[in-house]
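Chemist: One-letter residues, chain by chain:
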Amino acid sequence: MINRSLLRYQLKTKKRSMFFFSIALLLWGFMITALYPTVSDLQGFSDYWTDFPDTFKNLFGGHEVNILKPEGYITLEYYQLFLPIILAAFALGFAAFCVVKARENGTMEILFTHPIERWRYALTSFLSMSAGLAVLSVVGVGSVMLTARIFGIDLDYLGQLKFIVLIYFFVLALGSIGLLASCGLNKAGQVYAVGITLLAASYLVNFLSNNWSFFGVIDHAFLYYYYDPYGLMTQAGFQWFSIIYYGVIIAFSAFLSTYTLQRRDIAI
Amino acid sequence: MSERVIVTENLTKYYGKTLGVSGLSFEVHGGEIFGYLGPNGAGKTTTLRLLVGLLHPTSGGGTVLGFDLGRRSLDIRERVGYIPGDVHLFDDLTGRQALQLLDSLRPSRSAVLMRELVDRFELDVSRKIKEYSSGNKQKLTIIQAFMHDPDLLILDEPTSALDPLMRHRFYELLREFKTRGKSTFISSHVLPEMDQICDWVGIIRSGSLVTVEDIKNLSAKKLRHATFTLTEEPPPHMLDFTSARLTRQDGLEFKAEIPGEMDPFIKELARLHVIDLQISHASLEEIFLEFYTGEGGE
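Chains C and A, in that order, are what the protein sequence lines are. Taking the working numbering, the leading residue of the first sequence gets 6, the next gets one more, and so forth. Taking the working numbering, the leading residue of the second sequence gets 21, the next gets one more, and so forth.
Derived from the structure by calculation, the hints contain no laboratory data. Don't take each hint at face value.
[Claimed, not checked] Below 25 angstroms or equal to it, Euclidean Cα-Cα: the simulated PhoX-like pairs (lysine-lysine) are:
#1 A/Lys37 to C/Lys192
#2 A/Lys198 to A/Lys236
#3 A/Lys150 to C/Lys20
#4 C/Lys17 to C/Lys106
#5 C/Lys106 to C/Lys192
#6 C/Lys106 to A/Lys148
#7 A/Lys275 to A/Lys236
#8 C/Lys20 to C/Lys192
#9 A/Lys150 to C/Lys106
#10 C/Lys20 to A/Lys157
#11 A/Lys157 to C/Lys17
#12 C/Lys192 to A/Lys150
#13 C/Lys106 to C/Lys20
#14 C/Lys62 to C/Lys167
#15 A/Lys157 to C/Lys106
#16 C/Lys17 to A/Lys150
#17 A/Lys148 to C/Lys17
#18 C/Lys74 to C/Lys62
#19 C/Lys74 to C/Lys167
#20 C/Lys17 to C/Lys192
#21 C/Lys20 to A/Lys148
#22 A/Lys275 to A/Lys287
[Unchecked claim] Partial pick of chain A residues on the chain C-facing surface, computed with a CB cut under 7 angstroms:
#23 Val72
#24 Glu98
#25 Pro104
#26 Asp112
#27 Leu122
#28 Leu125
[Stated by the list, open to error] Derived DEER-like restraints, expressed as beta-carbon distance ranges:
#29 C/Thr60 to A/Leu39: 53 to 59 angstroms
#30 C/Phe25 to A/Ser154: 29 to 35 angstroms
#31 C/His225 to A/Asp95: 43 to 49 angstroms
#32 A/Glu305 to C/Ile201: 51 to 57 angstroms
#33 C/Phe25 to A/Gln120: 23 to 29 angstroms
#34 C/Leu12 to A/Leu94: 18 to 24 angstroms
#35 A/Glu305 to C/Trp124: 43 to 49 angstroms
#36 A/Asp88 to C/Val222: 47 to 53 angstroms
Since we're looking at a predicted model, the values are computed, not measured. The beta carbon of each residue, even a glycine, is placed where N, CA and C say it ideally should be.
Please take these sequences and the hints and turn them into a complete structure.
Modeler: In structure tokens, the structure reads:
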């Protein structure tokens with residue numbers, strides 16, 4: 006189904022990028038988690054958050070979040086916005102690198118004059134992006150778990166493991182849409198624009214829907230509606246519906262990517 | 021007649037509303053080297069990309085090695101070696117890694133000639149491609165195109181970055197392939213070299229084929245040059261040739277460009293007292309220019 010040499014080439018080429026993203030996530034995860042013991046006992050910190058209007062709280066992760074719990078603190082400072090943005094940047098960069106940049110820089114021309122099916126290339130690109138995102142998802146959350154252990158923070162590790170699955174599916178869904186854009190569009194910048202717009206619009210609609218029920222209906226169609234790190238980490242059970250939703254987006258986008266790449270001209 | 025390795029029928033490609041190529045119909049036979057000539061933007065690269073399935077034709081079609089262009093592209097690419105016009109490779113890989121990557125995409129044919137070609141073109145494959153000069157990048161594209169011993173070569177300006185020695189080695193390699201019955205479809209701007217190696221040439225202008233000719237016939241029936249010297253100055257009306265364009269070179273020495281048949285020129289020249297006459301065929305370059313500026317043009 007996939008071409009292993011191509012998979013190795015894509016991961017090898019993005020090795021340096023993955024390294025720097027990992028360092029960034031490790032440092033940020035360590036810094037944010039390490040700060041928690043110093044703020045957890047500060048009543049003023051809790052009061053500060055409590056005094057915020059709900060609309061403002063919703064902008065940062067929801068008014069029901071308890072900032073004095075480690076899960077709440079990590080959600081607000083890291084999981085709600087920073088981690089998805091960092092992983093989305095990597096996913097979109099990877100998606101653009103695999104197809105639209107290869108087309109722009111001419112390497113795709115030489116690849117596709119060899120006997121490799123385009124659907125196989127698209128699928129291989131999808132899997133290499135998935136592998137890269139899996140590593141970064143584990144690093145991103147793993148840095149929090151490790152730091153929490155070092156500083157003796159009472160963090161529910163099962164909740165963290167559940168969150169790794171959620172964030173992975175979330176950014177893979179966005180990356181798959183990015184891959185589809187990469188197969189269908191002509192410039193890397195257009196792929197980034199699609200991905201960033203989608204992420205921002207999704208966050209905005211989710212924020213609006215948390216404050217005004219009018220937006221609730223359309224919110225169901227966007228990625229952020231199904232992304233609830235605090236709920237996942239603090240409640241029993243698993244958010245299977247979110248995974249199924251992201252899974253459908255991933256499968257649909259991956260299929261459309263192969264179809265789009267098959268149909269289009271490679272070099273103009 | 022040997023087997024037809026490339027057949028196109030009204031092959032047409034539009035990029036949106038912009039014409040790439042229109043109504044291309046030609047054939048290339050086994051064991052031939054077919055030169056594809058035309059100025060920048062004429063549609064050469066578009067044609068080559070259509071043949072290897074990088075582009076989908078807007079209309080028309082054809083076969084390469086007996087396989088339909090639209091439906092059997094994978095079978096075509098299995099048997100074809102291709103050199104792109106713009107050399108872009110995998111900058112972060114070494115030459116060896118790039119060749120191994122491309123080799124892995126063709127599992128049914130091993131890269132039997134890789135080692136020999138690397139030696140022949142004196143390429144250091146242990147270095148990263150981003151450190152290569154443009155000439156070395158070109159060598160790498162040549163090696164990847166030839167290393168699987170393909171049945172057909174489709175080459176887009178393959179020597180543009182090579183030095184004269186490497187060009188010589190490249191054409192030597194091409195001739196060896198030809199003697200083994202392999203076919204080549206090559207586009208180039210280096211017309212004197214095409215003159216030396218091609219059996220047939222196609223000339224494309226503004227997306228349409230102007231002519232496809234056996235190179236020997238093309239030279240024979242098209243432009244010739246004659247230089248002749250007269251014994252005395254003739255009356256002016258005697259120098260009004262209808263069969264040729266005359267220009268005075270030096271004193272009584274004239275140069276004639278003969279675009280058509282020789283017979284009318286010989287008859288007109290016979291009216292004069294000639295003491296010396298030299299006739300030569302035009303070079304491919306001159307023929308090419310004639311098609312763009314003279315009667316061959318649209």
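Chemist: Could you check the structure against the hints above and give me the numbers of any it violates, in ascending order?
Modeler: Violated hints: none at all, because every hint is consistent with the structure.
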